[in-house]
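J.: Chains as they are written, first to last, in this note's numbering: chain A, 1 to 109; chain R, 110 to 222.
It is possible that part of the hints are untrue.
Unchecked claim - Partial list, derived from the structure: chain R residues whose beta carbon lies under 7 Å from chain A:
#1 Gly151
#2 Leu152
#3 Leu197
For the record, the hints were derived by calculation from the structure and aren't laboratory data.
Don't be surprised by glycine CBs; every beta carbon is placed ideally from N, CA and C.
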Amino acid sequence: KNEVEQSPQNLTAQEGEFITINCSYSVGISALHWLQQHPGGGIVSLFMLSSGKKKHGRLIATINIQEKHSSLHITASHPRDSAVYICAGFSGSARQLTFGSGTQLTVLP
Amino acid sequence: DSGVTQTPKHLITATGQRVTLRCSPRSGDLSVYWYQQSLDQGLQFLIQYYNGEERAKGNILERFSAQQFPDLHSELNLSSLELGDSALYFCASSVPAGGNEQFFGPGTRLTVL
């Protein structure tokens, strides 16, 4: 069974802080997605990774295939980064995404 | 704006009823995925269609069904609704059959009373 575990569940930071959200996944998952869900409910795809590192603006995603671990980093956090961040693993055999439980991030001004 | 549209945005109905949720994928995307997000279960994959054919099935109840039409829009049919079916239903689309970036629609919030 494909599993994805995220930590922490909740994270509160002060504006400007460096933030890290972690995701561990089971054997069988070949790619890892990071999603952002806004308070209104909309979901935005941030990254899709199968190896290495990707950067977009202040967001950086890394993946370590040997350790089956991925991290999402936010540099110079801002209150507008407040959202739920969800990692999801894609299994090629099951042809589906399995989602982590999400991390509620609150960035205080 | 992801380019994926979903209608309606909100739906309120009663137990036992049947509803249809509609999704139009981004232009050029052949794959459509349906997901359910409930408070107790989080996000769950329901079903995927690729170019009109069912490609993958997840935790979709027998009371639920979906199809993808020749113009690539998709519909998710939910019947004999129960209180526990109240959730946000998202569709997403991607160009290829799977494993690549998916673009999510705004979701349909279903409330079953």
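J.: None of the hints should be skipped; say for each whether it holds.
T.: Comparing the hints with the structure gives:
| no. | hint | result |
| --- | --- | --- |
| 1 | Gly151 | 6 Å, holds |
| 2 | Leu152 | 4 Å, holds |
| 3 | Leu197 | 6 Å, holds |
Against the hints set out earlier in the document, no violation occurs for any number.
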